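**Student:** So the chains spell out like this:
2 protein chains.
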Amino acid sequence: MEEPLNVPRSIRVREVGPRDGIQSEKAEVSTEEKVRLIDALSASGLAAIEAVSFVSPRAVPQMADAADVLANIARRPGVFYSALVPNRRGAEAAADAEADGMQVFVAATDSYNERNVGRSVHASLEDVREVVEIGREAHLPVEGTISVSFGCPYEGDVSPARVAEVSMWIADLGIASISYGDTTGMASPRRVAEVVEAVRERVPGVDINMHFHDTRGAGLANVLAAMHLGIGYFDSSIGGMGGSPFAEGATGNIATEDLVHMVHDMGVETGVDLQVLLEAARIAQGLVAGELPAKVLKAGPVASAG
Amino acid sequence: MEEPLNVPRSIRVREVGPRDGIQSEKAEVSTEEKVRLIDALSASGLAAIEAVSFVSPRAVPQMADAADVLANIARRPGVFYSALVPNRRGAEAAADAEADGMQVFVAATDSYNERNVGRSVHASLEDVREVVEIGREAHLPVEGTISVSFGCPYEGDVSPARVAEVSMWIADLGIASISYGDTTGMASPRRVAEVVEAVRERVPGVDINMHFHDTRGAGLANVLAAMHLGIGYFDSSIGGMGGSPFAEGATGNIATEDLVHMVHDMGVETGVDLQVLLEAARIAQGLVAGELPAKVLKAGPVASAG
Numbered sequence: 056m057e058e059p060l061n062v063p064r065s066i067r068v069r070e071v072g073p074r075d076g077i078q079s080e081k082a083e084v085s086t087e088e089k090v091r092l093i094d095a096l097s098a099s100g101l102a103a104i105e106a107v108s109f110v111s112p113r114a115v116p117q118m119a120d121a122a123d124v125l126a127n128i129a130r131r132p133g134v135f136y137s138a139l140v141p142n143r144r145g146a147e148a149a150a151d152a153e154a155d156g157m158q159v160f161v162a163a164t165d166s167y168n169e170r171n172v173g174r175s176v177h178a179s180l181e182d183v184r185e186v187v188e189i190g191r192e193a194h195l196p197v198e199g200t201i202s203v204s205f206g207c208p209y210e211g212d213v214s215p216a217r218v219a220e221v222s223m224w225i226a227d228l229g230i231a232s233i234s235y236g237d238t239t240g241m242a243s244p245r246r247v248a249e250v251v252e253a254v255r256e257r258v259p260g261v262d263i264n265m266h267f268h269d270t271r272g273a274g275l276a277n278v279l280a281a282m283h284l285g286i287g288y289f290d291s292s293i294g295g296m297g298g299s300p301f302a303e304g305a306t307g308n309i310a311t312e313d314l315v316h317m318v319h320d321m322g323v324e325t326g327v328d329l330q331v332l333l334e335a336a337r338i339a340q341g342l343v344a345g346e347l348p349a350k351v352l353k354a355g356p357v358a359s360a361g
Numbered sequence: 056m057e058e059p060l061n062v063p064r065s066i067r068v069r070e071v072g073p074r075d076g077i078q079s080e081k082a083e084v085s086t087e088e089k090v091r092l093i094d095a096l097s098a099s100g101l102a103a104i105e106a107v108s109f110v111s112p113r114a115v116p117q118m119a120d121a122a123d124v125l126a127n128i129a130r131r132p133g134v135f136y137s138a139l140v141p142n143r144r145g146a147e148a149a150a151d152a153e154a155d156g157m158q159v160f161v162a163a164t165d166s167y168n169e170r171n172v173g174r175s176v177h178a179s180l181e182d183v184r185e186v187v188e189i190g191r192e193a194h195l196p197v198e199g200t201i202s203v204s205f206g207c208p209y210e211g212d213v214s215p216a217r218v219a220e221v222s223m224w225i226a227d228l229g230i231a232s233i234s235y236g237d238t239t240g241m242a243s244p245r246r247v248a249e250v251v252e253a254v255r256e257r258v259p260g261v262d263i264n265m266h267f268h269d270t271r272g273a274g275l276a277n278v279l280a281a282m283h284l285g286i287g288y289f290d291s292s293i294g295g296m297g298g299s300p301f302a303e304g305a306t307g308n309i310a311t312e313d314l315v316h317m318v319h320d321m322g323v324e325t326g327v328d329l330q331v332l333l334e335a336a337r338i339a340q341g342l343v344a345g346e347l348p349a350k351v352l353k354a355g356p357v358a359s360a361g
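Residue numbers (this note's numbering), protein chains in the order written: chain A, 56 to 361; chain B, 56 to 361.
One chain only, chain A, in its complex shape (with noise of 0.2 Å):
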């Protein structure tokens, strides 16, 4: 029955929690608490994981201790542990504290891009080129992220041939794997198998991750419908952990164990133990204020899932 379904046979998944998750939730979250969180996700056979941000203080101020972070967190061999950076500056300090790798991200939009760093896209792709320069430099890989790739709360839809064209625009700045940001969860089957359309055809040679978000329900049916067009590298947080940055209490990231049971019920590999996935989710939990979404913590897996 593998070949039926049409998906890919594994998945890479980038759990995006300790970074993306936390930095959205109001508890405040200690160093030992996050290092904690990242070894047991690592544990878990996880390949890849967005531990930290390298970004200002004084405006994210969860991830003022990235570095700490990044010194203590005991480091699996084979796990990537990457980082989040806005510009230069936090390029360095990515560097600095020996991060695997790098993100760095622009809006698809000109109205999100400034809302969120204060400048148009085009103002932002000078930071992309710096922080591609001081990756080189270090030897680190960096990868882009688009936010609103699937529409924006400021402009609504975005068109598949902006999304390619930010896309063209990171590329032509050696930008080799693009992550598409669903923010604030707008996607659905259709926009998905549109924006890779449109992506494939300007920039054929790009490596595609999907960053989706389920404050609509349609979360796992977006990855459903990505994995039937090829894609096998998708983001996601433990718990769920990481609310809609614009609809109070909505959903935000998909859950990373309701994405790994979803996949390995349907005989798709990702290199996770699912139950050792979940005593992370459980640690999660325990960090956060309210109920985290992820449901099959709460519900258990089917055994097939295992």
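By construction, these hints were calculated from the structure, which means they are not laboratory data. Any given hint might turn out to be false.
Given that identical chains are not distinguished, each listed pair holds provided it fits within a single copy or across any two copies.
To be verified - The calculated lysine to any residue pairs, modelled on SDA-like cross-linking and capped at a C-alpha distance of 20 Å, are:
1. Lys353 <-> Pro300
2. Lys353 <-> Ala95
3. Lys353 <-> Gly304
4. Lys81 <-> Ser232
5. Lys353 <-> Ser111
6. Lys353 <-> Ser79
7. Lys353 <-> His319
8. Lys353 <-> Pro208
9. Lys353 <-> Phe301
10. Lys353 <-> Glu303
11. Lys353 <-> Ala302
Every value quoted in this text rests on a predicted model; they were computed, and no experiment measured them.
Given chain A, put chain B in place with the hints provided.
**Tutor:** Frame of chain A; chain B shown alone:
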């Protein structure tokens, strides 16, 4: 972009909140409130509503007023108001109360059937036969439901061949439309494909309805998988009313507004006006104790799904 998505142009949505949802809510819901909810749902353009069940009032006190509910709703032309019935007595009551149709149910496994209605699947077939007979006399269409079609909380995996066999048994008794219940949320896109393949091989003419739960987060992914297989008939519950019967606090039925929202954004027609449906969701939220799990009411629809 319609063709590459490879899904039906339109789907039928059967709303099950007034029966399946309210039945598992702890809060008491008055006849007037049920009528108000059903009328709000029928105003949205939904073609089918599972309005009530005629079961033992001792077993399910929330449905003791089923006849009163059917007597007091504003019957909207074109809307199919059905009743769930377990046996001859229920079917007679449904016919007396002028339901438009009935659903009769058996489980895919004996363990589940025995715990649910106190007898084996084979013994339940006699009930199915009698319900079909009464339906024929009263000129009421009878649809079937097979619970735990994608996994059983007592037996674990359920073989698709078994689901197809039970389908054949009830089809032979005169059932032309069968709903496959993911009673405890164990379905995945793989299981959906396997069940559809087995059923189509064994009972080629049967009309397939999918009744998914979102207990482990894959509800809408399973809808997408089924649509890719040409399935165009789905159950869902307004607000996601009705928890999982086997995991405290876990999500049950997929939410009608999240389903409609996703497929509309894909260009799939449902006949439903999403804004009017969200009005019904607000009414549903007012009837229950906790916060309903549906997401689009909280986050708001994207413009194109309007």
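**Student:** Take the hints in turn and mark each one as holding or not.
**Tutor:** We went through each hint and held it up to the structure:
1. Lys353 <-> Pro300: between (24 Å within a copy, 13 Å between copies)
2. Lys353 <-> Ala95: This pair counts as within: shortest intra-copy Cα distance 19 Å, inter-copy 32 Å.
3. Lys353 <-> Gly304: Cα proximity of Lys353 and Gly304: in one copy and across copies (19 Å, 8 Å).
4. Lys81 <-> Ser232: neither (31 Å within a copy, 50 Å between copies)
5. Lys353 <-> Ser111: neither (36 Å within a copy, 31 Å between copies)
6. Lys353 <-> Ser79: between (22 Å within a copy, 18 Å between copies)
7. Lys353 <-> His319: within (18 Å within a copy, 30 Å between copies)
8. Lys353 <-> Pro208: between (31 Å within a copy, 15 Å between copies)
9. Lys353 <-> Phe301: between (26 Å within a copy, 11 Å between copies)
10. Lys353 <-> Glu303: Between copies only: 8 Å across, 22 Å inside.
11. Lys353 <-> Ala302: between (24 Å within a copy, 7 Å between copies)
The structure does not agree with the numbered hints 4 and 5 stated previously, though it agrees with the rest.
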